[in-house]
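Protein chains in written order, with the working numbering: chain A, 10 to 267; chain B, -16 to 518.
For the record, the hints were derived by calculation from the structure and aren't laboratory data.
Owing to the predicted nature of the structure, the values given are computational and were not obtained by experimental measurement.
Certain hints may be false.
Claimed, not checked - For lysine-lysine, the following DSSO-like pairs were computed, each having C-alpha atoms within a straight-line distance of at most 27 Å:
hint : chain 1 : residue 1 : chain 2 : residue 2
1    : B       : Lys255    : B       : Lys441
2    : A       : Lys241    : A       : Lys226
3    : B       : Lys160    : B       : Lys255
4    : A       : Lys131    : B       : Lys160
5    : A       : Lys52     : A       : Lys137
6    : A       : Lys191    : B       : Lys160
Spelled out from the first residue to the last, the chains are:
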Amino acid sequence: MTNGWKVPDNIQEEALRLFDLAESEGITLRFFGSSAIRLKCAKYSALLDRADRQPKDIDCVVPRHHMRQLRSLLLSTGWIENAEITAQTDGYRLEFVNSSNKTKLDVCVDVLRFCQTLDVRKRIILDKPTLSATDLLLSKLQIRNLTRFDLIDILVLVYASPLGQDTANAIDIDQIVELTSKSWRWYKSIKTSLLFIQQQEYVSSFDLTDTAGSVIKSRLSLIDKRVLNAPKTLFWHLRSVVGGFMPWHDLVEVAPRW
Amino acid sequence: MQNHPLPRPSIFLRPASGLVKAVGLWDVFIYNVGLISLGIGVAYTQRYGPAYYSAGSIVVATLLSAGIMALVTLGFWAWTITIPRSGGIYVFLTRAGFPAFGFALSFVECISWLFYVAIAAKLVTTVAIIPLVALIFGSSNSILKWLSGSPAQLIIGTTTIVFAAWLLITGTRAYIKIQRLVFIFALVGTFALLFVLIGGDAQATFQANFNTAYSYFGSEPYSRVLDQARSLGWNTSAYSFKETVSLLVWPFLPLIGCAFSIGIGGEVRNTKRNQLIGMLGSLFFSAFGFIVIAILGDKAIGTSFQGAIAFNYDHASLVSNPATTAFEPYFPYLAGLATNSNILRILISLGFLCWVWFWIPGVLAFTERAFLAWALDRAAPAPLGTLHSRFGTPYVAVITGAIIAETFLILILFTQYFATLVFILAATVAWCITLAFGTAFPLIRHRLFSRSPIAGRKIAGIQLMTLFCFLGACALAAVIYLLWNDSLAAGHSRKSVIAVGITFTAGFVFHLLLRVYRRHQGVDLSQAYKEIPVE
Chain A
10 MTNGWKVPDN IQEEALRLFD LAESEGITLR FFGSSAIRLK CAKYSALLDR ADRQPKDIDC
70 VVPRHHMRQL RSLLLSTGWI ENAEITAQTD GYRLEFVNSS NKTKLDVCVD VLRFCQTLDV
130 RKRIILDKPT LSATDLLLSK LQIRNLTRFD LIDILVLVYA SPLGQDTANA IDIDQIVELT
190 SKSWRWYKSI KTSLLFIQQQ EYVSSFDLTD TAGSVIKSRL SLIDKRVLNA PKTLFWHLRS
250 VVGGFMPWHD LVEVAPRW
Chain B
-16 MQNHPLPRPS IFLRPASGLV KAVGLWDVFI YNVGLISLGI GVAYTQRYGP AYYSAGSIVV
44 ATLLSAGIMA LVTLGFWAWT ITIPRSGGIY VFLTRAGFPA FGFALSFVEC ISWLFYVAIA
104 AKLVTTVAII PLVALIFGSS NSILKWLSGS PAQLIIGTTT IVFAAWLLIT GTRAYIKIQR
164 LVFIFALVGT FALLFVLIGG DAQATFQANF NTAYSYFGSE PYSRVLDQAR SLGWNTSAYS
224 FKETVSLLVW PFLPLIGCAF SIGIGGEVRN TKRNQLIGML GSLFFSAFGF IVIAILGDKA
284 IGTSFQGAIA FNYDHASLVS NPATTAFEPY FPYLAGLATN SNILRILISL GFLCWVWFWI
344 PGVLAFTERA FLAWALDRAA PAPLGTLHSR FGTPYVAVIT GAIIAETFLI LILFTQYFAT
404 LVFILAATVA WCITLAFGTA FPLIRHRLFS RSPIAGRKIA GIQLMTLFCF LGACALAAVI
464 YLLWNDSLAA GHSRKSVIAV GITFTAGFVF HLLLRVYRRH QGVDLSQAYK EIPVE
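The whole structure should be built from the sequences, with the hints applied where relevant.
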């Protein structure tokens, strides 16, 4: 039992089933989070298994104009809604539980609003059934207090995704830099996460090969360098003057139980 | 570079998918300040205080009621950080194991607060629009006559309620954005008011403008007002603490709004800090505003004059030439006479309009959350919790609240049944009982209470929640006593007692009936209440 929920055995299968159902209804649905990383980096799932990193729920994002359809679809196929979350977020966050297998589904609408806000509206169709590798990485690097599980997710994703312009499967550094050059909050978030990762003994902790460790280190290092050296906007500089005296990340709190 | 070994894996070092809550400290503050409503507080206190409690001091009464509300606020703060869910006293009491009381008292407070939505809808015209029209176009014109009538106030009030409901249906974010903007306008209007009242020539300007506008009273209209009031029995005794204590119910009525953010408790970021600062901050800010305006109002207009003109208005039928205004002599109108600038007059009236407006969507949002909580627990018909397919908002709950408020508006405007503010008594009793339960909660629900962020905090060996709730309950009990004995504010006339009695009874009966109905359906309502608090 985890936080009161029994984790179903086939989260990945449930996710893919959900994706197929959404696709058949013309709903643009993309996964992020641990289940997405496992789907995207299926070739390296052994690394995730070794770290005992099993997805415990399904996280996905849909565009606003598909929210109503998705909600109807889910309600008509045995998913139970946490109406309180929907009401309190004006339908920008939805939470469901499958009535038969108890799979938990979190739905973000338009944007991933956590410690930072990642607007994926223009990039949601770059890949399927998950978000692009870049957006998956950003969704992880924005986390303020990375856990062990977040770390292995990041490491596997970086190892599995070369740096490049392949918008679906590569990590597009230009996209990351564009974000961090405009937003000091994002810059601070990513730099903090990258620094944290650098300080971890991840090769030994996760039993990675030296090659894997080296690849991951060089890719993260390149991202770090590009983010640091890229020219910044005026607004970025103005915000940096205030720096940490103003909150630079949003507080993510536990969703209400229902 | 220092390498840190990773922490040992654990099941969850952080919850899987958290939520960034929408309501921050400033939003709590603005929400509560809005629900106190500086405008309504000033309008009512200055309207009734000097007229019927002339030996009482508004300043001291405000300080006393602020003190009372501070204790009440601390009690509700303890509740809302222990059970940080939206829905007000309903979720507190049901999750604490008192479902019948939870529903019934929530029912009472929702009906009571919706009554005040109707009052506010009426005040949009009488406190803001009428003074503005009178100041700009003169105190006797046909528009004013129309505005003073019930049909006009129904049209304007209904429009306001409908607009507020629509705003809430389109989403909390839209509502919060509008409220921030309205708050700025309200502050601008308030600063304009203070600017006028502080002015060295405010008193002379007021008297000159009043004497000109009401020259038909005869010579020295200003003095005539005071003379007529005295002849009608208006009393201007020396300062009396007893009368000041009686007077405190009037600033208390608006100041109770400082604790309303308990209704949106599940949406507040960093609940422990933001609720405390937001609630107490709004209380002290508003109390300070009432006091400053009362002092400056006395300087510019004269507290005695305000009392006299209001007294004359209420007794106009007893004389052939009443020395009063043709409409309720609310403070915005009188303050507007203390300046010759139409711009300042407009700003003052618009400021009051903004303050009055706050109550309407603010209370509808409060009751909407309560209705949703009822429906999600199946303690009310499920359709009440239906979410809008496009906006994701509980639109049925919003519309239900708006319909109830509209019903009250019609009754207020076209019947004499709700002449007093009787529902403040009902709501105060409901809150007092909730705080009384809060006193016992740490003792009788120890396991549940142990999850509270203040579970370990004690003063003189007494749990903080017990102490705060006890003091708050005692404070409210004192106010209930005052309201019970004040026939102007509430009273215990037959009509008042029947209204309050029916509301309480209806709440319990409805809950009982629904419980039986659900049991018949095979649903045990008590299961819905046996859940772990949010955080």
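Status of each hint after checking the structure:
1. Annotation: proposed proximity of Lys255 (chain B) to Lys441 (chain B) holds, straight-line Cα distance about 16 Å (limit 27 Å).
2. Between Lys241 (chain A) and Lys226 (chain A), the direct Cα distance comes to roughly 25 Å. Compliance with the 27 Å bound is thereby established for this hinted pair.
3. Using a Cα cut-off of 27 Å, the hinted pair Lys160 (chain B) and Lys255 (chain B) holds, with the two alpha carbons roughly 23 Å apart.
4. Between Lys131 (chain A) and Lys160 (chain B), the direct Cα distance comes to roughly 25 Å. Compliance with the 27 Å bound is thereby established for this hinted pair.
5. Of the supplied pair hints, the one linking Lys52 (chain A) and Lys137 (chain A) holds, its CA atoms being roughly 16 Å apart against a limit of 27 Å.
6. At most 27 Å may separate the alpha-carbon atoms for a hinted pair to count; Lys191 (chain A) and Lys160 (chain B) meet this at roughly 24 Å.
Checked against the numbered hints given earlier, the structure satisfies every one of them.
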